[in-house]
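*Asks:* Residue numbers (my numbering), protein chains in the order written: chain A, 1052 to 1384; chain B, 1052 to 1384.
I should point out that these hints are in silico values taken from the structure, not numbers from a laboratory. Small disclaimer: the values here were computed from a predicted structure and weren't measured. A couple of the hints might just be wrong.
Copies of the same chain look alike in the list, so a pair counts if it fits in one copy or across any two.
[To be verified] Result set (SDA-like, lysine to any residue): computed pairs, CA atoms no more than 25 Å apart in a straight line:
(1) K1105 to T1158
(2) K1076 to R1215
(3) K1346 to R1160
(4) K1121 to K1195
(5) K1208 to T1102
(6) K1105 to V1218
(7) K1085 to I1210
(8) K1208 to R1147
(9) K1317 to T1102
(10) K1195 to D1179
Protein chains: 2
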Amino acid sequence: MVGDIGLMCMSNKLDRFGSEEEFLKFLDTFFPNKGKRVVIGRGDDCSLIKTPGKILISSDIFLEGVHFDKRYFSPYAIGYKSLAVNISDIISMGGRALGFNMCLMLTKRDSCREFFNDFFNGMKGLCDKYDIYLAGGDISFAQKFCVDITIWGEPGKRIFQRKRSKVGDKIFITGPIGLSRAGLIALSQGIQGNFPESVEAHLTPYIPVKEAEKIVKNPYVNTLMDVSDGIFKDIYRLIRPGQGAELEIPIKELHNEVIEMACLLKEDPVVFAGIGGEDYVLMGSCREEGIYSLKEEVPGLLVIGRVTDKGKFLINGQQIKGGFDHFGGMTNG
Amino acid sequence: MVGDIGLMCMSNKLDRFGSEEEFLKFLDTFFPNKGKRVVIGRGDDCSLIKTPGKILISSDIFLEGVHFDKRYFSPYAIGYKSLAVNISDIISMGGRALGFNMCLMLTKRDSCREFFNDFFNGMKGLCDKYDIYLAGGDISFAQKFCVDITIWGEPGKRIFQRKRSKVGDKIFITGPIGLSRAGLIALSQGIQGNFPESVEAHLTPYIPVKEAEKIVKNPYVNTLMDVSDGIFKDIYRLIRPGQGAELEIPIKELHNEVIEMACLLKEDPVVFAGIGGEDYVLMGSCREEGIYSLKEEVPGLLVIGRVTDKGKFLINGQQIKGGFDHFGGMTNG
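Okay, chain A solo, but in the shape it has when bound (with noise of 0.2 Å):
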């Protein structure tokens, strides 16, 4: 899965794209035209799509060199990601996704069929697993290679936002944090041998489409967010303004790769956990009744702590700072 993306396309300058219509056909191949929801498909100046009463609509860039590093990542992993971390967005609010529109922006050197079989086949993985179609979108040749989705979805019966939590309420989590960050770190050192895990879920991160299903069937859940920044940034968005958090994270609870990278580096594992982001677990508080058949419902979940009144954010009793910002960059807490 990790390779010199650049290489594959040199290596056989006969099976370069000639013209856009020729990418458009070999995309073809992968993703369906019509369909029982798409009146119209690609082709023309816009598609025609059959839409229920409200949407959910969300976007995310996909960009080479912030989003991923070309490094380590395969055609393969820059489809499934891109992709992946959209539906992410619809799950956490409660919903299905149904479609999508990609602006792709390629170089020069990826312009290959093997580059982008790898890629299709990375979206097409997940298109076919949630019947998703890929409706229409834009391309262009950049100097960086980009992928920017526009993914809608079908609401569920409950709409789950940010913000909604209730004091007393239980924090909870789907999977494990950090884990993510621990691979790009792995990645980056050249010793993911060591990190399977961090490095798969660095790559081709696990979105929890099966525990959202659960989740959104549980009465008591109150709010609801997918964890993209790390969950020491993500929580005060998760929270209702004027409230606080409580979390409690014994190391024991990370996982293992995670613990043994932040030891590596020196650093406090749950502190390197909490400021990991990417991690695309959902975050969400449910009412202290409701958690012990959440627990039952969706293995993997793990509570970290209670929502309170005071407005104060502690992680095992320490003020909680740090995660990423676009404008910041990573800061450390």
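Assemble the complex: chain A is given as a structure, and chain B must be docked to it using the hints.
*Replies:* Coordinates of chain B only, in the frame set by chain A:
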């Protein structure tokens, strides 16, 4: 309108955005976050929007160095044109734009209030004029400034598509062609003073929304699209497979500035106009019995030829070649 954008932001270091939250709060002052069609606005993982049973949807990339040159484009023009070209896609299928999502890649030197005040105002003018809302999006820093917009709209009573022409149809365009290309050349050669309408067509193109409203009511119009890559390329996309087109464009029908620029470059004015991209006029075909009323209803509408059964594409008796392709660049016939 023309100036070095970078300098604007360098002039006042204090006026930079400190965080993503700060940037988004600034954005909120331009684009309302609630509305009759927006149930949940920006600030959650998705927005929740009300939709008709079917929507038209389209995406366009607007990338520095490819779709616009920062030496000529003011922040206002970048904002205006990035949204305008998307509105063009909706109206060319007979629809009305409703809302959009925006993926915004900004560069460090643009991340100041002066820049985004102008940029957002360029969009806001169109939003207010056509009652379009900004539902959501994503932000990242990048090496090149880029705006990717996904727009959706309400289809009209009839959906207009490409490749629905009938033999004998008259082919029409709604406005001057080649003007945007003349503007780009004038700007790049520093002679914009002599080409004011060309420059305006390139930087802040007129979008024929009113013209589209008239066209879609004419029952004789068979096919319609917007011209983004030049009519010499787009005519192949407009005409039904197996059919052809005979275009007759006398030089006197071209815009004065287009003729002047072609003469300056010692190019055939008709070829110059035909391969010029980004005009965002509408091109379509109409049964002969409807063309006279169409010309009366749509001021500026120009009949440029007719659909044939021969599979050949001719301009003033010569075979048509050329146009813009992202894989091949500009090709001159």
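*Asks:* So, against the hints stated earlier in the document, which numbers end up violated here?
*Replies:* 1, 3, 6, 9, 10
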